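Visitor: Using the sequences provided together with the hints, build the complete structure.
Number of protein chains: 2
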Amino acid sequence: MYPLKLTRSVVSNPDFPVVQTKAGKIRGLLEEGVFLFRGVQYAKAERYHMPEPVEPWEGTKEAIIYGPVSPEIHTPIAHDEYNVPHYHYIQDEECHYLNIWTKHIDNSVKRPVMVWIHGGGFATGSSIELYAYDGQELADFGDVVVVSLNHRLNVLGYLDLSDYGEEYKYTGNLGQADMVAALQWVHDNIENFGGDPNNVTIMGQSGGGGKVSALLQTPAADGLFHKAVIQSGLGKGRPNFTHEKAAALTDMVVKELGLTKETIKEIEMIPYYKLARAAQKATAEATKAAGSRVSWTPVVDFDYYMGSGMENPFREETKHIPMLVGSLLGEFDQNYNNVLAPGSKNDWDDALVNKLFDEQFGDKAEAVKAAQKKAYPKAKVVDALFTNVGMRIAHRDFCAKRAEEGCAPAYNWLFTLECPFNNGTIPWHNAEEAYMFHNANYLEASYIPGVSEQLQDQMTGAWVAFAETGDPNHPGLPKWDPVKDDNGACMIFDRETRQECHHDDDLMAAIPEKPMSIGTARAPKSTFGGGPRQSI
Amino acid sequence: MYPLKLTRSVVSNPDFPVVQTKAGKIRGLLEEGVFLFRGVQYAKAERYHMPEPVEPWEGTKEAIIYGPVSPEIHTPIAHDEYNVPHYHYIQDEECHYLNIWTKHIDNSVKRPVMVWIHGGGFATGSSIELYAYDGQELADFGDVVVVSLNHRLNVLGYLDLSDYGEEYKYTGNLGQADMVAALQWVHDNIENFGGDPNNVTIMGQSGGGGKVSALLQTPAADGLFHKAVIQSGLGKGRPNFTHEKAAALTDMVVKELGLTKETIKEIEMIPYYKLARAAQKATAEATKAAGSRVSWTPVVDFDYYMGSGMENPFREETKHIPMLVGSLLGEFDQNYNNVLAPGSKNDWDDALVNKLFDEQFGDKAEAVKAAQKKAYPKAKVVDALFTNVGMRIAHRDFCAKRAEEGCAPAYNWLFTLECPFNNGTIPWHNAEEAYMFHNANYLEASYIPGVSEQLQDQMTGAWVAFAETGDPNHPGLPKWDPVKDDNGACMIFDRETRQECHHDDDLMAAIPEKPMSIGTARAPKSTFGGGPRQSI
Chain A
1 MYPLKLTRSV VSNPDFPVVQ TKAGKIRGLL EEGVFLFRGV QYAKAERYHM
51 PEPVEPWEGT KEAIIYGPVS PEIHTPIAHD EYNVPHYHYI QDEECHYLNI
101 WTKHIDNSVK RPVMVWIHGG GFATGSSIEL YAYDGQELAD FGDVVVVSLN
151 HRLNVLGYLD LSDYGEEYKY TGNLGQADMV AALQWVHDNI ENFGGDPNNV
201 TIMGQSGGGG KVSALLQTPA ADGLFHKAVI QSGLGKGRPN FTHEKAAALT
251 DMVVKELGLT KETIKEIEMI PYYKLARAAQ KATAEATKAA GSRVSWTPVV
301 DFDYYMGSGM ENPFREETKH IPMLVGSLLG EFDQNYNNVL APGSKNDWDD
351 ALVNKLFDEQ FGDKAEAVKA AQKKAYPKAK VVDALFTNVG MRIAHRDFCA
401 KRAEEGCAPA YNWLFTLECP FNNGTIPWHN AEEAYMFHNA NYLEASYIPG
451 VSEQLQDQMT GAWVAFAETG DPNHPGLPKW DPVKDDNGAC MIFDRETRQE
501 CHHDDDLMAA IPEKPMSIGT ARAPKSTFGG GPRQSI
Chain B
537 MYPLKLTRSV VSNPDFPVVQ TKAGKIRGLL EEGVFLFRGV QYAKAERYHM
587 PEPVEPWEGT KEAIIYGPVS PEIHTPIAHD EYNVPHYHYI QDEECHYLNI
637 WTKHIDNSVK RPVMVWIHGG GFATGSSIEL YAYDGQELAD FGDVVVVSLN
687 HRLNVLGYLD LSDYGEEYKY TGNLGQADMV AALQWVHDNI ENFGGDPNNV
737 TIMGQSGGGG KVSALLQTPA ADGLFHKAVI QSGLGKGRPN FTHEKAAALT
787 DMVVKELGLT KETIKEIEMI PYYKLARAAQ KATAEATKAA GSRVSWTPVV
837 DFDYYMGSGM ENPFREETKH IPMLVGSLLG EFDQNYNNVL APGSKNDWDD
887 ALVNKLFDEQ FGDKAEAVKA AQKKAYPKAK VVDALFTNVG MRIAHRDFCA
937 KRAEEGCAPA YNWLFTLECP FNNGTIPWHN AEEAYMFHNA NYLEASYIPG
987 VSEQLQDQMT GAWVAFAETG DPNHPGLPKW DPVKDDNGAC MIFDRETRQE
1037 CHHDDDLMAA IPEKPMSIGT ARAPKSTFGG GPRQSI
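For the protein sequence lines, the chains are A and B, in the order given.
Note that my numbering numbers the first sequence so that position 7 is 7, with each residue one more than the last.
Note that my numbering numbers the second sequence so that position 177 is 713, with each residue one more than the last.
Read the hints as simulated data drawn from the structure, not as lab findings.
Owing to the predicted nature of the structure, the values given are computational and were not obtained by experimental measurement.
Incorrect hints may appear among the rest.
Stated by the list, open to error - Per the computed footprint, the stretches of chain A lying under chain B, defined by three or more beta-carbons under 8 angstroms from a beta-carbon of chain B, are: (1) 63 to 71; (2) 81 to 87; (3) 274 to 288; (4) 421 to 430.
Stated by the list, open to error - Example chain B residues on the side facing chain A (calculated, C-beta under 8 angstroms, incomplete): (5) T543; (6) P550; (7) E567; (8) E568; (9) I601; (10) A614; (11) Y667; (12) G879; (13) P956; (14) E980.
We put the beta carbon where it would ideally sit given N, CA and C, even for glycine.
Guide: Structure follows, in structure tokens:
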């Protein structure tokens, strides 16, 4: 994604670096000591069919540019480009590509493999959507093999057509099956890229965290990964999205397209934009009917996918997987998304702050203030106005449930660094990614000299240690206990990274949960008007 | 576009940096000593209407993220992402935005202003399409004010509806009118960004060079710029694209949309994708009928636009404009686009090279070899297989015609640096941009330690000197004469930058001109198949 400032020629010769994969040879790059392989095809698939292994080839294929990413259901508008810089890329249904960053192309090295699964719900995003996802610094800092992958999204990846024919049996989980195929490719090929196929960590943020959570409950993925990281990927529990619910949504799409059981095969040939329009209409109608948001998501068929561990028992087969699970202080509730008054929150006077507390919390205002002082004695009271509750509780409780059900250690964390943007902004959804990818120096909105360098060393170090051993403790970090026996242990990543226990229980109880405000339109404040998303 | 590795906090406070424009205050960023203002609206426009000044506003608007870019007629496929890394961005018809990089927000400084006009024909591209376009290093190195702009493209910017109503009089040149509006905004506002409104250089590459050429012949732009740079923007002369020709194309679009003179107003409300499909069909049919490519281009109505100076007299009003005009050794003919044999050209043996010369040049093979040795005695003979003729001649002759018609000095240049990509690649269309923007360290395919640093200092230095005084000479460069009295003077930018005279006349005469192979599909060589462009 981001270009490094180079000090050495990038090597990109016809014969070096070249690595043998099961299907054939691929040629990558050597850049500042790290080998890059971009756009490596891990599977092929026809629309609404399961992924299959790639065809073998003669000679050497190039892997020097990224592969296309899955078409998205929305034509996006620019709103959070400053806080979360995006790399918008070329879209195509043929999107089964992964990227590799490694310091070795030697099969004897066997370094830990860290597989990044992107966010964007199950409807948008890609392996290279955000600058923060660039794996070069992480591979270099941690001497690990970093992999990121694209897979089918939205109506392409999660339309449950199983009622329309046996050949469509698992169409409600095709996006998941793509990830499994990518993990299978990693298992079969990563050794030649210096990786250990028996030490694979899957990690993801937001929707990517949801995907990690789902892969734990997916039998087809068993044995293909050994550790798991969830970052801001869990929300309040909600009922399983069963085949029954999925089928109702599918019927709306099929009807909108003018198809029937007899003509369903035509859905494999319809132009994507037409399919997307039908999908948009169906999800909008289903949302209206349900009274809450219906979107594309894995289908809990208790066959391919056993349903999230939040609402279902954790599977015996993945109880041995250690986990690293956490969220951010602000998420979607921070002061940039939620502008309560002009200027910087850090310049507001007491009268204004008190007024805002009264408006937001009513007769609970004093209780929230007291809980905030208890939880974060060195922070400003005003921050409680922008503190996320839903995700924090979900990630905390997920760890506790893992412990209760006798799973391997789960380590809970919370990222609380106030970022310099806007003279002080509570960390937003996505803000921690640059810190665990060791890319903090590249993100304008959050970089703080000295502070960011130390924090990214601590945080990337923890992720790497976890990938190596299943335990995130390392010499640069205070002692970090897994969640167990209701100890409420949580690592706070901030200027003073520290472990706390039950530090924000009162605060979480005092702040009423707000409805999640994903993508609150920021555009009207900028010099362009924003307006509605362009129809597709 | 690209994120710098930061060493200082980026300042982005509610009240700093803030600059007053005619319409209101805007808030930018201060990053590593350079102020950035992204996505500054310079005009507003309804579809198929002339741009108008923006509405004034109260308070301060943010200018910290890029504005939307014009919708493109094609959904692109990835093919040249490695040689020419792209920043694909959000598209919207409301695309009248510019970006500013400057070291000063003080109206007393009056530094030269360099306005970048992007390429992509008149149909695609944006102010931020390529990583090379990032203005931060240029603003810093040259202490100049860098501006880049978006404008309406393709069927939005160049559909000549003048036969359909007086209100559509200049619709065949709306894209040009947008640029004029942007230059007017620069004239009216740039002083507060440290710029000198009386010293504005316009510069562009490929289609951007064509736009610069067109602005010289556009009365509405007179007085808004003072110097001009054309980079790989001129081709073999072709007949004026007159109103008559444009009207025939327009009629095809209108008919395809099912509209008439009576219902033409509806064209202002049709979804863009529908309009684009009609436009694609019309240009394809017109190309078939004409036997040569018909694409969106300014309309020579001898009113708004007087036609390119290649086919028409240079206008008296812009004869005083000094120019910097040049092209690249390979352009679209280099060895990465045109794969004649496996492996690196630099490893081919004499037998193979001789065979390829015979195949390509027949009985002229020996003459081409001799001319190559004369033109580039230190280079490999094989390079003549990949040497561009059409653009080289066009740029050389453009300078000569300026001189013949008594215009201000025109300086001719040629960029010949062999790039390390693929173990030696003749420089491709776009390869010089990183060097005149001082971004050579960020482009993987062309960076050479030591060589790139020196060459970008020379080349950016020349562009900056030219912007300051109209003369590109500076202490880091050998003496550079303008083209005059058939002196054949040309600055060769390479490891050994030097002025030559008539150095390649024989070579240009010996190599038969090839049809231009823009966008030769490279994708089939990579791990993904490429395939046809996705229909929209």
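Visitor: Next step is simple, just say for each hint if it's right about the structure.
Guide: Evaluation of the provided hints:
Counting residues of the stretch 63 to 71 of chain A whose beta carbon lies closer than 8 angstroms to any beta carbon of chain B gives 6, which reaches the threshold of three, so the coverage claim holds. Coverage of a stretch by a chain is defined here by at least three residues with a beta carbon nearer than 8 angstroms to that chain's beta carbons; for the stretch 81 to 87 of chain A and chain B the count is 4, and the condition holds. With 0 residues carrying a beta carbon less than 8 angstroms from a beta carbon of chain B, the stretch 274 to 288 of chain A misses the three-residue requirement, and the given coverage is violated. As drawn, the stretch 421 to 430 of chain A meets chain B at 3 residues by the rule of a beta-carbon pair under 8 angstroms; at three or more, the given contact holds.
Using the Cβ-Cβ criterion of 8 angstroms, the hint placing B:T543 at the interface with chain A is satisfied: the shortest such distance is roughly 7 angstroms. Satisfaction of the interface hint for B:P550 is found here, the shortest Cβ-Cβ separation to chain A being roughly 5 angstroms, below the 8 angstroms cut-off. Below 8 angstroms, beta-carbon pairs count as interface contacts, and B:E567 has one with chain A at about 7 angstroms; its hint therefore holds. The beta carbon of B:E568 comes no nearer than 10 angstroms to any beta carbon in chain A, farther than 8 angstroms, and the hint placing it at the interface is violated.
Evaluation of the B:I601 hint against chain A yields a held restraint, the C-beta minimum of about 4 angstroms falling below 8 angstroms. At a threshold of 8 angstroms, the smallest CB-CB gap from B:A614 to chain A is about 5 angstroms, leaving the interface hint in force. The beta carbon of B:Y667 comes within 6 angstroms of a beta carbon in chain A, closer than 8 angstroms, and the hint placing it at the interface holds. The restraint placing B:G879 at the interface with chain A holds, with a minimum CB-CB distance near 5 angstroms, inside the 8 angstroms limit.
Using the Cβ-Cβ criterion of 8 angstroms, the hint placing B:P956 at the interface with chain A is satisfied: the shortest such distance is roughly 5 angstroms. Here the hint on B:E980 is kept, as its CB sits about 4 angstroms from the closest CB of chain A, short of 8 angstroms.
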